[in-house]
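Trainee: The chain contents come next:
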Amino acid sequence: SQQGEEDPQALSIQEGENATMNCSYKTSINNLQWYRQNSGRGLVHLILIRSNEREKHSGRLRVTLDTSKKSSSLLITASRAADTASYFCATDARTYKYIFGTGTRLKVLA
Amino acid sequence: KAGVTQTPRYLIKTRGQQVTLSCSPISGHRSVSWYQQTPGQGLQFLFEYFSETQRNKGNFPGRFSGRQFSNSRSEMNVSTLELGDSALYLCASSSGGSYNEQFFGPGTRLTVL
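So the protein sequences, as listed, match chains Y and E.
Per our numbering, the very first residue in the first sequence carries number 3; after that it's consecutive.
Per our numbering, the very first residue in the second sequence carries number 771; after that it's consecutive.
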C-alpha cells in the first residue's frame, strides 16, 4: 500500500488564490519531499523538509511537517496558471527508497 | 550542471521481448533510483543503486533488474515484457545520503503491444 496519501485528489482554484494540499504517511521518516509533475513528464523537485524541521519556505511555497500526526502540507500562494500540475509527496521511511503518495491534481484557472 | 538524462525517451516493444533503459545521473551523484509510473498504481519504487551496489529494492518481479557502472550511469532491464509493463520509467539521482534531494530525469515512455 502507499506510504503517502495526498488530499485532496483534485483541486481547482482561480488564479491568485492559495492552494493547499496535504500528505499523510505511515512510518517514521528522515525527510519528506514534494514534487511537481506536468502532464506525465518528469518530476520537478520542489522542496525537502527534514524530520526535525517544522516549516520551510521556498518562494511562493510553504511546507509544514507534523511528525506526531505523520502529515505534511504544501501551500502555494498567489497561484498562477503555470502551477497547474500534479503534486506528490515522497517519504523515505528511514531507508534510501522513497515512497510516493497518490498525488493531488491542481488546476489553476486563469 | 547538466540534469539527469534518460534514453531512449520513447520505446515500443512487443510482449515477450526485453528492453534496456539508460540513465545518466547528475555529475557527482552516486545514487540512482528507478521508478515505474502507471495510471493505476502511481509511482512505485523499483530499486536504488549506490556506488555500483543495489542498496534497496521494491516489490517487483525478478524480470526487472538493474545495474550501475563505475561512472554512476545506470541501466534498467526488463525481460519477457508483459502488457502491464507499459509505463513511464523514471530515474532519479542524488548524492546518496539520508537528506539528499532526488532529481528526476524526463522518463522513458515504454509501450508494450
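The hints are simulated quantities; they were obtained by calculation from the structure and are not laboratory data.
By construction, the Cβ of each residue, glycine as well, lies at the ideal position given by its N, Cα and C atoms.
Treat each hint with caution, since some may be false.
Just the calculated beta-carbon pair ranges, DEER-fashion [as the list claims (entries may be wrong)]:
| hint | chain 1 | residue 1 | chain 2 | residue 2 | range |
| --- | --- | --- | --- | --- | --- |
| 1 | Y | R43 | E | L853 | 21 to 29 angstroms |
| 2 | E | L853 | Y | E55 | 38 to 46 angstroms |
| 3 | Y | S53 | E | G828 | 30 to 38 angstroms |
| 4 | E | K827 | Y | S30 | 18 to 26 angstroms |
Trainee: Indicate, hint by hint, whether the structure satisfies it.
Mentor: These are the hints, each one checked on the structure:
no. : hint                                : result
1   : Y:R43 to E:L853: 21 to 29 angstroms : holds, 23 angstroms
2   : E:L853 to Y:E55: 38 to 46 angstroms : holds, 43 angstroms
3   : Y:S53 to E:G828: 30 to 38 angstroms : violated, 22 angstroms
4   : E:K827 to Y:S30: 18 to 26 angstroms : holds, 20 angstroms
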